[in-house]
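Number of protein chains: 2
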Amino acid sequence: MILHFLFLPNFRLKMRCPGVWIALCILCPCLVFGGKVLVFPIDGSHWVNMKVIIEELHSRGHEVSVVRSSDSWYIKETSPFYTAITLGTGSGFDEDFLSNFVAKLLEIQREGKSAWMRFKLEMEIMQSSIKMSETISETIEVLLEDKHLMQSIKDAKYDLVLTDPVSPAGAVVARYLGLPLVFNVRWTSTGEGHMTIAPSPLSYIPMTGTELSDKMSFFQRLLNVIVYAVTEIQVAFLLPHYKAVIEKHLGPDIDYFSLFQAADLWLMRVDFVFEFPRPTMPNVVYMGGFQCKPAKALPQDLEDFVQSSGDHGVIVMSLGTLIGVLPRDLTDEIAAAFAKLPQKVIWRYTGDRPASLGNNTLLVDWMPQNDLLGHPKTKLFIAHGGTNGVQEAIYHGVPILGLPLIFDQPDNLLRIDARGAGKIIDIFSMDQDIFYQGIQEVLNDPSYRMNMQRLSRLHRDQPMKPLDTALFWIEFVMRHKGAAHLRTESYRMPWYSYHSVDVMLFLSGVVLIILCTSVAFIRCLLINTVIKIKRQ
Amino acid sequence: MILHFLFLPNFRLKMRCPGVWIALCILCPCLVFGGKVLVFPIDGSHWVNMKVIIEELHSRGHEVSVVRSSDSWYIKETSPFYTAITLGTGSGFDEDFLSNFVAKLLEIQREGKSAWMRFKLEMEIMQSSIKMSETISETIEVLLEDKHLMQSIKDAKYDLVLTDPVSPAGAVVARYLGLPLVFNVRWTSTGEGHMTIAPSPLSYIPMTGTELSDKMSFFQRLLNVIVYAVTEIQVAFLLPHYKAVIEKHLGPDIDYFSLFQAADLWLMRVDFVFEFPRPTMPNVVYMGGFQCKPAKALPQDLEDFVQSSGDHGVIVMSLGTLIGVLPRDLTDEIAAAFAKLPQKVIWRYTGDRPASLGNNTLLVDWMPQNDLLGHPKTKLFIAHGGTNGVQEAIYHGVPILGLPLIFDQPDNLLRIDARGAGKIIDIFSMDQDIFYQGIQEVLNDPSYRMNMQRLSRLHRDQPMKPLDTALFWIEFVMRHKGAAHLRTESYRMPWYSYHSVDVMLFLSGVVLIILCTSVAFIRCLLINTVIKIKRQ
Numbered sequence: 078m079i080l081h082f083l084f085l086p087n088f089r090l091k092m093r094c095p096g097v098w099i100a101l102c103i104l105c106p107c108l109v110f111g112g113k114v115l116v117f118p119i120d121g122s123h124w125v126n127m128k129v130i131i132e133e134l135h136s137r138g139h140e141v142s143v144v145r146s147s148d149s150w151y152i153k154e155t156s157p158f159y160t161a162i163t164l165g166t167g168s169g170f171d172e173d174f175l176s177n178f179v180a181k182l183l184e185i186q187r188e189g190k191s192a193w194m195r196f197k198l199e200m201e202i203m204q205s206s207i208k209m210s211e212t213i214s215e216t217i218e219v220l221l222e223d224k225h226l227m228q229s230i231k232d233a234k235y236d237l238v239l240t241d242p243v244s245p246a247g248a249v250v251a252r253y254l255g256l257p258l259v260f261n262v263r264w265t266s267t268g269e270g271h272m273t274i275a276p277s278p279l280s281y282i283p284m285t286g287t288e289l290s291d292k293m294s295f296f297q298r299l300l301n302v303i304v305y306a307v308t309e310i311q312v313a314f315l316l317p318h319y320k321a322v323i324e325k326h327l328g329p330d331i332d333y334f335s336l337f338q339a340a341d342l343w344l345m346r347v348d349f350v351f352e353f354p355r356p357t358m359p360n361v362v363y364m365g366g367f368q369c370k371p372a373k374a375l376p377q378d379l380e381d382f383v384q385s386s387g388d389h390g391v392i393v394m395s396l397g398t399l400i401g402v403l404p405r406d407l408t409d410e411i412a413a414a415f416a417k418l419p420q421k422v423i424w425r426y427t428g429d430r431p432a433s434l435g436n437n438t439l440l441v442d443w444m445p446q447n448d449l450l451g452h453p454k455t456k457l458f459i460a461h462g463g464t465n466g467v468q469e470a471i472y473h474g475v476p477i478l479g480l481p482l483i484f485d486q487p488d489n490l491l492r493i494d495a496r497g498a499g500k501i502i503d504i505f506s507m508d509q510d511i512f513y514q515g516i517q518e519v520l521n522d523p524s525y526r527m528n529m530q531r532l533s534r535l536h537r538d539q540p541m542k543p544l545d546t547a548l549f550w551i552e553f554v555m556r557h558k559g560a561a562h563l564r565t566e567s568y569r570m571p572w573y574s575y576h577s578v579d580v581m582l583f584l585s586g587v588v589l590i591i592l593c594t595s596v597a598f599i600r601c602l603l604i605n606t607v608i609k610i611k612r613q
Numbered sequence: 078m079i080l081h082f083l084f085l086p087n088f089r090l091k092m093r094c095p096g097v098w099i100a101l102c103i104l105c106p107c108l109v110f111g112g113k114v115l116v117f118p119i120d121g122s123h124w125v126n127m128k129v130i131i132e133e134l135h136s137r138g139h140e141v142s143v144v145r146s147s148d149s150w151y152i153k154e155t156s157p158f159y160t161a162i163t164l165g166t167g168s169g170f171d172e173d174f175l176s177n178f179v180a181k182l183l184e185i186q187r188e189g190k191s192a193w194m195r196f197k198l199e200m201e202i203m204q205s206s207i208k209m210s211e212t213i214s215e216t217i218e219v220l221l222e223d224k225h226l227m228q229s230i231k232d233a234k235y236d237l238v239l240t241d242p243v244s245p246a247g248a249v250v251a252r253y254l255g256l257p258l259v260f261n262v263r264w265t266s267t268g269e270g271h272m273t274i275a276p277s278p279l280s281y282i283p284m285t286g287t288e289l290s291d292k293m294s295f296f297q298r299l300l301n302v303i304v305y306a307v308t309e310i311q312v313a314f315l316l317p318h319y320k321a322v323i324e325k326h327l328g329p330d331i332d333y334f335s336l337f338q339a340a341d342l343w344l345m346r347v348d349f350v351f352e353f354p355r356p357t358m359p360n361v362v363y364m365g366g367f368q369c370k371p372a373k374a375l376p377q378d379l380e381d382f383v384q385s386s387g388d389h390g391v392i393v394m395s396l397g398t399l400i401g402v403l404p405r406d407l408t409d410e411i412a413a414a415f416a417k418l419p420q421k422v423i424w425r426y427t428g429d430r431p432a433s434l435g436n437n438t439l440l441v442d443w444m445p446q447n448d449l450l451g452h453p454k455t456k457l458f459i460a461h462g463g464t465n466g467v468q469e470a471i472y473h474g475v476p477i478l479g480l481p482l483i484f485d486q487p488d489n490l491l492r493i494d495a496r497g498a499g500k501i502i503d504i505f506s507m508d509q510d511i512f513y514q515g516i517q518e519v520l521n522d523p524s525y526r527m528n529m530q531r532l533s534r535l536h537r538d539q540p541m542k543p544l545d546t547a548l549f550w551i552e553f554v555m556r557h558k559g560a561a562h563l564r565t566e567s568y569r570m571p572w573y574s575y576h577s578v579d580v581m582l583f584l585s586g587v588v589l590i591i592l593c594t595s596v597a598f599i600r601c602l603l604i605n606t607v608i609k610i611k612r613q
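Going line by line, the protein sequences match chains X and G. The first sequence runs 78 to 613 under the working numbering. The second sequence runs 78 to 613 under the working numbering.
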């Protein structure tokens with residue numbers, strides 16, 4: 078296996094970097110051990126992250142199999158890094174729905190359409206979630222019913238299942254085959270997390286989607302508690318779709334949450350430079366920024382454009398892969414604001430060329446985002462706030478002007494804003510003046526850049542690179558056939574025992590009995606005394 | 078600074094070990110930075126641990142100053158590794174008291190003396206704790222009142238204060254001088270730990286001294302809650318001794334706990350191979366086994382003795398530095414049991430030679446414990462259960478027969494027993510048969526050795542050596558002048574906000590108002606309807 082590693086195509090390149098020597102020395106025990114990993118990914122942007130880990134697993138000599146649906150556009154059937162196991166079912170991931178949703182949301186918010194329209198749209202996304210969970214449930218059913226396929230997976234003797242907890246498919250199969258389970262995860266949907274990750278006091282751990290920080294006023298804490306309750310209700314709506322298939326194949330004792338609690342390892346796609354500090358567990362590994370790497374040289378034409386900016390530098394704008402097109406009025410406002418700047422702008426935009434576009438702005442269909450953010454001339458990143466982009470900006474120390482749209486984007490950008498390393502603008506009400514002012518502020522107030530560069534220094538100052546840390550722990554689980562010794566007993570307890578409710582009731586009962594007995598005794602004594610006095 | 082490292086006396090030796098290359102590569106950023114560390118250690122066995130870190134800090138080119146009391150026997154005035162700052166006050170650490178306490182405890186328990194005697198002894202140790210906290214309080218007062226000394230400490234521009242939280246002296250001085258604070262810690266005395274380390278549900282996190290594991294029955298959980306309450310009361314007794322001096326020098330807003338909560342880093346002297354898994358915090362670093370190292374060759378006479386054991390192997394017995402002598406009847410029982418064994422025994426014992434001592438047993442005043450435990454012929458470690466010895470046994474994979482006496486010893490050994498890697502015998506009621514049976518069981522049942530070797534494999538399988546991890550994070554705090562970004566907001570909240578008590582009261586109030594209004598409304602409606610019906 079060491080030989081396998083040494084003769085990998087990019088080995089010479091790797092050996093120039095001292096980091097590889099370190100990794101080589103540290104990871105010697107696992108290099109002599111080539112494992113087999115079964116991956117259940119989630120389509121879309123989550124796949125981008127999973128692929129980074131899969132490629133690294135492959136480069137370290139592990140065999141990877143990826144379970145994909147036949148309609149997947151992101152997860153290809155053939156790859157040099159993995160073998161695909163293609164299922165006839167759909168993935169449940171509907172990219173068109175998501176981009177249409179964002180387009181409609183922008184239209185409704187900008188044109189001030191009725192609250193009813195907004196509510197209808199919210200219902201659409203709720204229905205889409207239910208539809209996705211139904212599809213995933215069908216996938217699990219099809220997979221487990223295919224005895225031939227399941228036997229071949231069993232015979233392949235995988236060392237672990239690596240999956241995204243957005244779908245329970247991987248967790249179900251891991252339990253079914255008795256394999257160690259590793260999650261690659263950004264958020265946990267069930268808020269408080271007591272039973273999933275670690276105790277999460279609602280007083281300083283904001284719920285996902287609340288746009289709250291870890292410093293909350295009384296009414297913000299109240300909101301956080303209410304959102305928690307609502308989320309629990311929403312989750313209760315989604316669960317029944319999995320209940321039947323889980324009980325059928327794994328037995329009546331197994332519920333949805335116990336599958337997640339059984340994970341050997343949680344690889345979290347954040348770190349505490351980006352995320353607010355919070356309680357954690359021994360089996361949670363933080364690998365935020367694992368996808369970041371030093372910038373490579375730009376293609377010559379792009380480099381020429383960047384260099385032409387002189388001392389003013391360059392602004393990079395991208396709203397992620399989902400949002401290539403924006404409403405025409407909005408693009409005109411953005412283009413007009415850019416046209417006023419002395420900086421050069423590189424804007425990933427796939428729609429029609431806005432009429433107000435200045436000479437300083439280059440529209441591109443795709444950009445080498447990491448290489449651009451790592452370029453010394455880049456002064457500002459205008460971003461929608463996807464986790465990947467934000468982590469890359471932290472890694473390269475580039476301040477952010479954030480235009481969040483949906484999902485975790487407002488929450489991600491709030492974390493940058495709270496550290497003074499960026500500013501958020503409401504894209505729904507923004508015009509060219511607001512946008513221009515925002516750009517000016519982040520460019521000209523040196524605190525934004527200084528704060529982001531401080532985050533960058535903190536993020537980079539780790540004993541090991543985040544990707545190496547993630548791989549170390551995945552291989553640890555393979556070497557030791559799990560990591561049960563890192564899992565707390567909380568996972569095996571009913572909620573009333575976990576929260577000591579039974580003990581408290583018992584103690585209250587004892588106190589009550591002592592009180593009642595004492596009162597009865599004193600009363601009795603008093604009555605006797607009174608009777609005695611009366612008799613006297 | 079790199080040059081400084083390269084020309085250290087033992088550099089050549091170091092360079093033979095690949096681990097040093099790894100450390101050198103990883104720690105490059107800190108090798109070019111020599112920091113200044115002010116250490117407030119605790120005397121006795123805690124100093125043994127602190128010294129390991131001090132020596133490593135020194136070997137990496139940092140300057141270390143150690144604050145000691147003039148009566149300290151452990152912490153020497155002169156050392157090649159640190160400069161001493163000697164105070165005229167006592168350390169509060171009374172070694173004689175502790176060994177006398179253990180001797181009396183053994184006598185009382187073995188001779189079946191009255192419960193009253195036992196209670197008196199417990200009170201003695203409580204009084205000793207109070208006396209120690211008074212001495213520490215005086216030390217802080219003397220130190221802060223010595224303006225000349227404080228000015229010289231200020232002028233020395235230390236980068237951080239490293240201390241043991243058994244005494245708040247280091248934490249007070251760190252706050253007084255505005256320096257980053259790092260703790261080197263084994264246990265936290267305040268049980269639940271919500272406000273000190275991390276949320277610690279009493280349902281599966283046993284209180285120190287309870288001899289409970291993380292798997293508790295209802296009545297064990299009840300006991301755990303009661304012990305928590307008692308500990309809180311005990312702590313409340315000790316606190317007033319510090320209150321006056323803290324308020325006088327740091328201001329009325331600062332209380333005892335807030336000093337601890339302000340720590341930048343907690344270096345815990347355990348890991349989750351030894352300790353039961355539990356919630357933790359981003360600024361808690363686990364360095365269990367940091368003092369362990371590969372065994373060196375034994376002195377020739379000891380090696381000859383060990384080799385003379387043939388295939389039977391060797392048993393190593395030590396009850397720690399505090400307990401060199403045991404009651405005569407007990408030593409006779411132990412010696413007689415050893416005499417029956419085919420193994421050779423090396424016993425650290427400083428008392429008179431027992432009459433029943435066999436030819437196979439070697440009494441020694443001192444032993445190279447780590448080198449003996451790492452010797453391939455060593456089959457069993459008979460130990461009192463101090464954290465250091467237990468960690469060394471885990472590191473070398475030697476099963477333990479435990480004879481716990483006081484402090485954390487029963488808890489430490491319980492962790493080994495719970496993993497099936499050792500067995501505990503009650504030293505207070507033990508005779509030669511019980512002892513002999515215990516030895517036979519751990520020697521002949523292969524599960525003990527297999528389980529301990531599994532723990533050893535898990536413990537050794539880390540991305541970095543625990544001592545390197547500890548040093549990385551100490552130097553991280555120096556480089557970034559603290560680690561405030563790893564400290565949660567919980568530390569700044571009053572208890573009622575932290576536990577959302579105010580929010581819950583508010584929500585209950587709202588629910589109550591809605592209920593009352595609804596009831597009043599319905600009542601009003603009903604009355605009106607009845608009146609109307611009556612009128613009709």
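A portion of the hints provided could be inaccurate.
As the list makes no split between identical chains, a pair holds if one copy fits it or if it spans any two.
As the list claims (entries may be wrong) - As a list, the in silico EDC-like pairs of lysine to aspartate or glutamate whose alpha-carbon atoms are at most 16 Å apart:
(1) K558 / D538
(2) K611 / E352
(3) K370 / D448
(4) K292 / D485
(5) K370 / E309
Hints are computed from structural coordinates only; laboratory data are not their basis.
Here is what the structure says about each hint:
In the homo-oligomer, the alpha carbons of K558 and D538 lie at most 16 Å apart only across protomers (13 Å), although the nearest pairing inside one protomer, at 31 Å, exceeds that limit. Proximity of K611 and E352 under a CA criterion of 16 Å is satisfied in neither setting, with 75 Å inside one chain copy and 67 Å between copies. In this assembly of identical chains, K370 and D448 lie within 16 Å of each other by CA distance solely inside one copy; the values are 9 Å within and 44 Å between copies. In this homomeric assembly, K292 and D485 never come within 16 Å of each other (Cα to Cα): the closest approach is 19 Å inside a single copy and 37 Å across copies.
Neither within a single protomer nor between protomers do K370 and E309 lie at most 16 Å apart by alpha-carbon distance, with minima of 38 Å and 49 Å respectively.
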